[in-house]
Each structure stands twice: as structure tokens, then as C-alpha cells.
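Assembling the complex is the task here: the two chains are given apart, and the hints tell you how they should meet.
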Amino acid sequence: MSDFWILVMKELKDLLRDKGLIFGIIIVPLIIYPALGQMMQVGFEQAQEETKVVLVNLDEGQYGDLLIKALETAPNVTLTKIDALSIDEALQKAQEENYNMIVIIPQNFSRAIENNQKAQVEVYGTIRGISGGMREAVSEGRINAVLTVLNEYLAKLKIQQNMEGDPEAILKPIDAKSFTVIKGRIVAVPPSLVANLITSQSFSMPIVIFIMIILVAQMSAGSMAMEKENKTLETLLTLPVKRITIVAGKMVGTAVIGIIAAIAYMIGMRNYLGSLTSSAQVGITLEELGLTVTPQGAALFVLIMFLAMIFALSFAMLLAVFAEDTKSANTVVSAGIMPLTFPTFILMFADLETLPLAIKYFLLAIPFSHPILASRAMLMGEYSTMYASAVYLGVLSVLMLLITARFFTTEKLLTAKLRLRRRG
Amino acid sequence: MKAVLVENLEKDYGKVKALKGISFEIKEGEIFGLIGPNGAGKSTTLKILATLLTPTGGRAEVFGHDVVKEGDEVRKLISYLPEEAGAYKNLKGIEYLQFMAKLYAKTGKSYEKMLELGVKLSGLGDRLNDKISTYSKGMTRKLLLARALMVEPKLAILDEPASGLDIINAYSIRQTIKQFAREKGITFLVSSHNMLEVEFLCDRVALINRGMIVEIGTPKELKEKYEAENLEEVFMSIIGGKQAVEVFE
Numbered sequence: 001m002s003d004f005w006i007l008v009m010k011e012l013k014d015l016l017r018d019k020g021l022i023f024g025i026i027i028v029p030l031i032i033y034p035a036l037g038q039m040m041q042v043g044f045e046q047a048q049e050e051t052k053v054v055l056v057n058l059d060e061g062q063y064g065d066l067l068i069k070a071l072e073t074a075p076n077v078t079l080t081k082i083d084a085l086s087i088d089e090a091l092q093k094a095q096e097e098n099y100n101m102i103v104i105i106p107q108n109f110s111r112a113i114e115n116n117q118k119a120q121v122e123v124y125g126t127i128r129g130i131s132g133g134m135r136e137a138v139s140e141g142r143i144n145a146v147l148t149v150l151n152e153y154l155a156k157l158k159i160q161q162n163m164e165g166d167p168e169a170i171l172k173p174i175d176a177k178s179f180t181v182i183k184g185r186i187v188a189v190p191p192s193l194v195a196n197l198i199t200s201q202s203f204s205m206p207i208v209i210f211i212m213i214i215l216v217a218q219m220s221a222g223s224m225a226m227e228k229e230n231k232t233l234e235t236l237l238t239l240p241v242k243r244i245t246i247v248a249g250k251m252v253g254t255a256v257i258g259i260i261a262a263i264a265y266m267i268g269m270r271n272y273l274g275s276l277t278s279s280a281q282v283g284i285t286l287e288e289l290g291l292t293v294t295p296q297g298a299a300l301f302v303l304i305m306f307l308a309m310i311f312a313l314s315f316a317m318l319l320a321v322f323a324e325d326t327k328s329a330n331t332v333v334s335a336g337i338m339p340l341t342f343p344t345f346i347l348m349f350a351d352l353e354t355l356p357l358a359i360k361y362f363l364l365a366i367p368f369s370h371p372i373l374a375s376r377a378m379l380m381g382e383y384s385t386m387y388a389s390a391v392y393l394g395v396l397s398v399l400m401l402l403i404t405a406r407f408f409t410t411e412k413l414l415t416a417k418l419r420l421r422r423r424g
Numbered sequence: 001m002k003a004v005l006v007e008n009l010e011k012d013y014g015k016v017k018a019l020k021g022i023s024f025e026i027k028e029g030e031i032f033g034l035i036g037p038n039g040a041g042k043s044t045t046l047k048i049l050a051t052l053l054t055p056t057g058g059r060a061e062v063f064g065h066d067v068v069k070e071g072d073e074v075r076k077l078i079s080y081l082p083e084e085a086g087a088y089k090n091l092k093g094i095e096y097l098q099f100m101a102k103l104y105a106k107t108g109k110s111y112e113k114m115l116e117l118g119v120k121l122s123g124l125g126d127r128l129n130d131k132i133s134t135y136s137k138g139m140t141r142k143l144l145l146a147r148a149l150m151v152e153p154k155l156a157i158l159d160e161p162a163s164g165l166d167i168i169n170a171y172s173i174r175q176t177i178k179q180f181a182r183e184k185g186i187t188f189l190v191s192s193h194n195m196l197e198v199e200f201l202c203d204r205v206a207l208i209n210r211g212m213i214v215e216i217g218t219p220k221e222l223k224e225k226y227e228a229e230n231l232e233e234v235f236m237s238i239i240g241g242k243q244a245v246e247v248f249e
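For the protein sequence lines, the chains are A and B, in the order given.
By our numbering, the letter at position 330 of the first sequence is numbered 330, and the numbering carries on one by one without gaps.
By our numbering, the letter at position 82 of the second sequence is numbered 82, and the numbering carries on one by one without gaps.
Okay, chain B solo, but in the shape it has when bound (with noise of 0.2 Å):
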């Protein structure tokens, strides 16, 4: 089955058209990347899929629900991280896992399992019994990915996953997204404009650039059709010099 379906999805605010028909499909246990600048349409798809926003036009599907029509069913499937997300602030670390966890775990043993699981993603040690308020951006950061992991779901959705985090921390989170991806056959759809992030993670990826996918494929097979030695590269190639240089400034 597949995790993900979009269909010419299309979104407007007001005049501005932030996706103009995007089509593209996600394997189940695959790690999917969307890449591109800011403002290209990535959050706007993720939001979506994420059924925070309703599309313009078009459709999206998540294992097979509509995320219009069967809102309810696709919430009980993924996991969102949104880019600029936050905490309780008046909640310790350790509290806010165990909200999350109770609302997802089904029994008390799976509401352990995740618990401990979540203790161990977020890295932050005896820093959990601390309020959250007193938590520097990057550990908000690591106890909120550690909260949409640690719940197992079977499409997680992060944008921009490593965003606050040192290279060190970056690099850990990287690693149990493919860990993750590996041994618990989870799905991810993963949004960044750090390119050299994404092909280090993803199995495939979507150029996406002014809301329009402009390329999809391996890291590998992109490179090589275009050839490029990297992603960065190969987004410079397709969009061209003068209209990479506008949207990067």
C-alpha cells in the first residue's frame, strides 16, 4: 500500500497560490524528502497531509485515507512535527511525554514502552523533571522530535527536523530517523532546505520550487541526470543560475 498519494494538490491564500498542483507518492518504510527554498510550498504540503489545512484542489491520501474526509482516521496514523513548534512551557519535560504518550498508547504497557522510549530519543537525562520553560531552543527541539517518534506512527511528518539543533545533535536525529525507518519499517516525509541534510536522508526526494514539484527521484539518479555532485546542484541546474540566485537572496 502506499503511505502517501497527492494528487495535482493545489492551495490558496487568498491570491497567493502556494501549491499549484503538486503530484507525488510515498512507499511504505520509505524516507521521503521534499526540498526546497523558502517559501516554495513545503509547510503548505505537510500542514495538509497533516489535515491542519484543506486543499484548495486536488487530493491527498495517508495509507489510503483521505486527509479531507477521514481527518479523524489519518490523525491515527502519523505523527506531525512542525517546523516552528513549542511546548507547555509550564510542564516538566518528563509531564509532556507522558501526555503524549497516554493519548497514543493504547494500554499501559504500550504506554510504558513509549514513555521509556521517548525518555531515551529526547537525550535530555535528569533535564526531563525540569520545566519545560527552562529549556534552551535546541533541548525543546530534541524532546519534541523524541515526542513524535516515540510513538511509533506509521507515517511521521517533520518539517525541518533538525532545525535549532548543533551539528552533533543534527547528526544523532539523522541517524534514528534511518534507524527508525530500517528496523520499524516507519515512513517519513521530511521537508528542508538544507539539501546536503536530505541526501544523507532520504531514499528519494521532491524539488519543489515556487509551489510546483520540479523533480522527483534518488538522490543517486538525480545527480547523475543531471550531473551534479550534489542535490544543491542539482536544484541550481534545473531552476537556473539567475532564478537560484533571486530565490536563495
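Isolated chain A, as found in the complex (with noise of 0.2 Å):
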């Protein structure tokens, strides 16, 4: 085994087996975020249970009724009448058989319809403790649901009753039937549901990004610290080992455990993400758009990832340099790394090409805004941008490379310590 296996053998054994590290990074992400993504499922579903709807009907006519037939008829619905003289006695009621719904048929609604006049029905949905009236707002959606159709359904019955030709044309004259053009390729989806395909694919990929370069970074600039402070550094900097070797194998050993707590997180964010967005499928996949990842374009995104994770590396590495110990290493990398990510989140709801263009400068100078354009870049075929990245972040990641190795030649490393006491 060559000398570099034995480091990261040695550095993965060692990291592996701190239990607290471990748990910290692998497992409470695998717990954490499916819990919490659990929790808004459990919210959502109560949110769906069957709406309650108290009803007081204080008109006479035909239409009154007619709106209580389509209550009784919708989906999840459950419709109790009521007797009440007024909103206040009506609401009273509603509170004492718990139910969170009140609609309102005041008197003289049918007449109003018949006389071509607005009609008004009042629903009232009574929010108590801490719900946050997401039960309410599931509900109000409901009626209105209903509502619409039944307005709808009044207007062609006028329409059909008071003038010729076809309801549905009169009611709405024009229609816009929208098609996408993506890749040459004319699509028959609206270019909103696309944009939102593409955003829902494309929006967690920043987040993951971001997640794995601050896990990697203080990962490996942690260890670095963990030799200080455990008062290995020394030793290790003595043994018939060439420097660079040494960086590079601890750079491997804790980007593979930073690799696996970022796949712990992703796994963690993909269940808790699931939770939320599952009620809002675009219904059309991207392969159905011609949206395809072709081996060419997924190799040259795995080349600019890895190409900036050894940007992030090298550059913890050496801020750790400038650390004594695992709770300073954190600050540092916080301070170093989170200005160069934090930026990229603009890339998250604002297209590139149309940013000013200062800003585009700024974005495309910061390494790890090249991911997050590649992994748009990849899906929509335009390989000529991911290899410019490459080449950038190829330049990039070996200047910043050299740099950390240099300082691991120097006795830079050991004077950050020295400088607080004189040695014996």
C-alpha cells in the first residue's frame, strides 16, 4: 500500500469511529429531517380531513337550495343545516358542536339571482389555538371550489336563457392554448409548468451543493485542527512522508466521510422535501421535454464537482492553517467558505444571463456558482459552458492546491501556536 492509502486508511479509521462525529453528521440528518418532513405530513393530512360545514339557510328560494345540493354533493364535504336567527347564535352553535366552518345563505339570495343582481353568501371559518387555520384555509378552498363551479353554472343557465350561441364561448371568448419551445423542440405544456418542472428539479441542487462543500470543508479543516489539538500534528509532520502526501490524503480521507454525511443530509433533505412538494406534481417529466442527461454531460458535471470540492478542500486546509483547534477550525471555514456559497443562492431564483451584468461577473468568479450552472447546463444540453467551467475550476482548484501544499512545506503551520509562548 502506498504511502497516501495508509494516511487516508488511517484518517478514515479515525474519523469513522469518532462516534460523535458520526452521529452529528450522519445519523441525526437521517433522522432529523424525515422527523420533521413527518411532521409537516402529519399537518398537511389533518388539513385534509373532511371539512364540517355548519349551514344556516335564511332564504327561500330555489337557488338557496341549490347551493346546499352542491355542498351536499363535493368531495369531503359534510354538511350538517342548522337553525339560527342570527350570525352571532349561528356561530354559538357551530362552537358548541366543533365545527370550524359556517356558511350563510342570507335572505333574499335566490331573489337577487333572479333579478340579475350579485348574490352573497358569508363563509366564516373559526380558527382555535395553535392549528394556524391551515385546517380553515383547506376548508374556505373547498366552498370556494364549489362556489366557482356553481357561479359558473348560473352564468351559462342565464346565457342559454337570454341569448343565442354557445355559453362557453361567451363566457370566456378567448382562450390561450401555450406551447414551449425548448431545444428546437416545440412541446405542448405551457412554458410556466415547464419553468416550474425545471425550477423544482433545479432548486434543491444549490442546497445540496452548499451542504456538501461546508460539510467537506470544515470536515477536512476540522481534522487538520484535531491534530493540533490533539498534539498529533508534530509527529506527523516528522515522518518519511513527502508533505503533499499528506494533504492529499487527508483531503481524500475526510472528503469520503464528507461525501457520505452529504448523501446522509440529501437522503434527510429528499424525505423532508417530498413532504412538501408531493401535492405539486407538474404531471409532464423533463425526458418527456427532450430534457435528457447524455454520459458526456453527467461526466463534465461529476468533473466540475469534483473540481470544486477540491477547491473547497485545499482552500479549508488552509485556512485551518490558521486554526488551534476543532472550534476555531469552524470559524474560520465559516468565515472563508460561507461568503463564496452564500452568493450562489441568487442562482437559485434568478437566471444568470439576465442579472446585471456585475453581478454575473461576481457569480461566474465564484468556484462554487459553477455547479449549480452546470447542473442547468447539463439538463438543457449546453456542454460548451460546462467546459469552460471545468477549465476554470481546473486552474483554480491546482492554484489553490499548491498554495495549501506550500504552506504545509513551511513552519507556518506549528508558529500559529508558537507565537502565544515561548518554547523550552
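Keep in mind that a hint or two might mislead.
As the list claims (entries may be wrong) - Pairs of lysine-lysine, DSS-like flavour, derived with a Cα cap of 30 Å: (1) A/K412 x B/K69; (2) A/K81 x A/K69; (3) B/K113 x A/K13; (4) B/K69 x A/K231; (5) B/K89 x A/K231; (6) B/K131 x A/K327; (7) A/K231 x B/K106; (8) A/K13 x B/K137; (9) A/K231 x B/K92; (10) A/K412 x B/K17.
Read the hints as simulated data drawn from the structure, not as lab findings.
This is the structure in C-alpha cells:
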């Protein structure tokens, strides 16, 4: 086994046996995020429960009855009719029976419709305790859906009675049929839906990349700081191994743990986000839009991710030179890496091409923007931009690696500590 | 060939002058002691020879290799034990020795030999199968000493080797160092502020104070020259009673 692999294996063994570390970075995300998602799911499910509606009908005409029938046949709605003379009385009775929605059909409801005047229905939602009103919001939506259908039905009925022609065409004289042109192909899907789909696919990418970069950076800086804290660094640096091998061994060892941790985060986050977005399915896949990932695109993306990781690792190692223990390592990494990762969040919401020139070039200069841009370019098949990213990141990473290795051949690693007190 | 050559070595930490131009030589197979009070410059000298620090002035060589220009070559010849050293706490004692042996050994056979010697030198027995985090300070020190010596370097640089060890273990390690020098021809550079320990162990000693070497010789020569009973008295005579009290306080 080469010196490099001996160091990598030692690093892995040392880190994987750290119970606190493994619990914190691997077990917790695998438990916390799905648990959080589960809690949200419970909230959603509770909100989606049967809507119980109390109805007070003060109208005596046919349209009041029509509305009642429509509500009775609506899915997930249970209707209970009660007699009340005023709103206060209705509210009181609803509260006694623990109903959260009250619909009041006022007097002269039918007459207003018959006279072609606007009729009004009153809908009350009672928000109690700490529910946050999610249940009431869902209930209101269901009642409004019934009213929309009924409105359209009544409008068409009136058009039929008073005019000639297709009531649908009179009610909505213009209809838009939307298409999307993507990669030179016309797809019969509105651009808004396609945009939603692409965004939903690439929205999580900046978060995942952010987590991965931060985790890997903190792991490598932490591992170097741990050598200082546990007083193993001096021995390590006097072993018959080239300093660049020590740096590389440490980087690969911590990167493996960092990637395992990032995967744990991704699995956890996926479960969490899955519970939030499951209801927002677009109904069309990327493949149907012709947005497939080719082996060339995937290979380029992996290369760009790898180079970004090398940059993060060597930069974090360099920062760790100035840290004396694991606590200060976290601080210096946060101070050094965070400013390079946060601006890339702009790419979650904005198109690079539409941004002001200064911001565009600022973002392009940040190495961590490139994996995010590459994730989209990979889908769109824009390989030339991916090649440009790979070259840029390659140059930056090699430069950073050389600077870090240079620092390791000097006494800088030890002098930060040495400055504090004179040695005997 | 000289094992160690140090000429006008200087080291500054900012405004603090830790070494003010020290010079000495160590012959191959010799046990050389660097003695002096805390803050005298012992550890700094050892760190420069171990390629950890860069001197501000002068030069230092290990078996003819410059410690600054030929650091990689020097590291192949030495084994360094820092004063305040630790080991990887999540590894077992045996895994730590295995890790080190793999980095030094060139063949499978030499790896086995190194490991066997390391196990024997540590004297930790079955406890080697326990995690280092469960070791006492003395046990960790024994493991680290075993690591430093099992690789049978050409030059062993030991900073306060018996630090943290009880009388029995300290005695045992001194015997081992003597035996290694005599039987295997290993050169030792040992630092200590325990002058009696150094007197027992070393062939020659250099007395260092405030970044300067104030005397070099065999313990016998120095004792005769200063008509002293031990090296402690020699040291006191050289730097003067008043200053010595001030230093040791």
C-alpha cells in the first residue's frame, strides 16, 4: 500500500470511530429531516380531513337549495343544517358542536340571482388554538371551489335563457393555448409548467451543493485542527512522507466522510422536501420535454463537482493552518467559505443572463456557482459552458492545492501556536 | 560521518530570540543530551533538527543533509518524539503502531519486525487492543516511545522522553535507549531539564541557557572541571547562583 493510501485509511478509521461526529453528521440528518417531514405530513393530512360545515339557510328560494345540494355532493365536505336567527347564534351553535366552518345563505339570496343582481354567501372559518388555520384554509378552498362551479353553471344557465350561441364561448371569448419551445422542439405544455418543472428539479441543487461544500470544508479543516488539538501534528509532519502526500491523504480521507455525510443530508432532505412538494406534481417529466442527461453531460457535471470539492478542501485546509483547535477551525471555515457559497443562492431564483453584468461576473468568479450552473447546463445540453467551467475550476483548484501544499512545507502550521508562548 | 552538525543556529519568534547562534556536533552512535531550564531553547533546537521549524540563521545537518533544503531526506533518517505528543485517540494502540510501521517499513518482513519490536517496547500487552482514548498519560507516552524506537532510525530525537513516566518506566526507557545506542548504533539526541537523568544516560551533554550553549563535554569532564558532584551543580556553577535561582523559579 502506498503512503497515500496508508494515510487515507488512517484518516477514515480515526474519523469513522468518532461516535459524536458520526452521530452529528450522518445519523442526525437521516433522522431529523425525515421526522420533520413526517410532522409536516401529519399537519397536511389533518388539514385534508373531512371539512365539516354548518349551514344556516335564511333564504326561501330555489337557489339557496341549489347551493345546499352542490355542497352536499362536494367531495370531503359534510354538511349539517341548523336553524338560527342570527350570525351570533349560528357561531355559538357551531362552536358547541366543534365545527370550524359556517356558511350562511342570507335572505333574498335567490331573489338577487333571479333579478340578475349579485348575491352573497357568508363563509366563516373559526381558527382555534395553535392550528395556524391550515385546516380552515383548506375548508375555505373547498367551499370556494363549489361556489366557482355553481357560479359558472348559473352564468351559463342565464346566457342560455337570454342569448343565442355557445354559453362557454360567450363566458370566455378568448382562450390561450400555450406551447414551449425547448432545445428547438415545440412541446404542447405552457412555459410556466416547464419552468416549474425545471425549477423544482434544480432548486434543491444549490442547497445540496452548499451543504456538501460546507460539510467537506469543515471536515477537512476540523481534521487538521484535531491533529493540532491532540498534539499529533508534529509527529505526523516528521514522518518519512512527502508533505503533499499528507495533504492529499487528509483531503481524500475527509472528503470520503464529507461525501457520506452529504449523502445522508441529501437522503434526509429529500424525504423532508418530498413531503412538502408531493402535492405539487406538474404531471410531465423532463424526458418528455427532451431534457435528458447524456453520458457526456453527466461526466462533465461529475468533473465540475469534483473540482469544486478539491477547491473547497484545499481552501479549508489552508484556513485550518490558522486554527488552533476544532472550534476555531469551524469559525475560520465559516468565515472563509460561507461568503463564497451564500451568493450562489441567487442562482436559485435568478437567471444568470438577466442579472446586471457586475453581479453576473461576480457570480461566475465564485467557484461554487459553477456546479449549480452546470446542473442546468447538463439538462439543457449546453456543454460549451460546462467545458469553460471545468477549465476555470481546474485552474483555480490546482492553484489552491499548490498554495496549500506550499504552506504545509513551511513552519506556518506550527508558528500560529508558537507565537503564543516561548518554547523551551 | 557526523550524525548532527549545528553551526551558529539562530531562531527568532518575532522579537523573542529563542536561539542565539548555538553550535555543536553529535557523533554517530552517541547519546547526546541537551539540558537546561524551561525556555532555554532545547525544544526549538530539536524541532529545527526534526525539520518542523526553519532557522532564522546558521545551519543544521543530519548525516550530511541540510534540514532546510533536504527536509524529505532528513525525515527518512530520523524519528522525533515531541515533549507534548499525543496519539490518534480513536485508534487502538496496535493500530497506531501498525500505521507507523507501514509508513517506515519497506518490506513486509521489516514491517513485521518493526511491529514486533514496537509491541515489546511498549510493554502494554493486551491493552494494545484497546482504544488509545482509554490510556493513561504514562501508557500513551510508552506507546509513543515504542513508536519512535521501533523504526530503528539513524537518529532518534527525543524531547523529554521520560516526561509523564513513573520511576520504574523512566528507568526502563533509559535502559532501552542505552541498549539501542550500544547494540544498534542508533544516535540519540535527548533533551531534558532533569540533569540527573541526563547524567546517567548521555555520553556527552550540552548545557543550554537563554538560547546559548554555555558548556559542552562528557558528564565526567564537566564534573571534574567544575569540581561538582553532579551536573546540577555544574549548571549552577556556570550560570551563577543568583541567576540559577531566578531561572529555576
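Against the structure, the hints:
1. Between A/K412 and B/K69, the direct Cα distance comes to roughly 17 Å. Compliance with the 30 Å bound is thereby established for this hinted pair.
2. Straight-line distance between C-alpha atoms of A/K81 and A/K69 comes to about 12 Å, which keeps the hinted pair within the 30 Å bound.
3. Under the criterion of a C-alpha separation no larger than 30 Å, the hint pairing B/K113 with A/K13 is consistent with the structure, at around 24 Å.
4. Proximity of B/K69 to A/K231 is assessed by CA-CA distance (about 26 Å); at most 30 Å being required, the pair is judged to hold.
5. Pair hint B/K89 plus A/K231 holds up; C-alpha atoms about 11 Å apart against a cutoff of 30 Å.
6. Using a Cα cut-off of 30 Å, the hinted pair B/K131 and A/K327 holds, with the two alpha carbons roughly 24 Å apart.
7. Between A/K231 and B/K106 the CA atoms are separated by roughly 27 Å; this keeps the pair inside 30 Å, and the hint holds.
8. At most 30 Å may separate the alpha-carbon atoms for a hinted pair to count; A/K13 and B/K137 meet this at roughly 22 Å.
9. Taking the CA atoms of A/K231 and B/K92, the gap is about 17 Å. The hint holds against a cut of 30 Å.
10. Between A/K412 and B/K17 the alpha-carbon distance is near 18 Å, which keeps this suggested pair within the 30 Å criterion.
Checked against the numbered hints listed earlier, the structure breaks none of them; every hint is satisfied.
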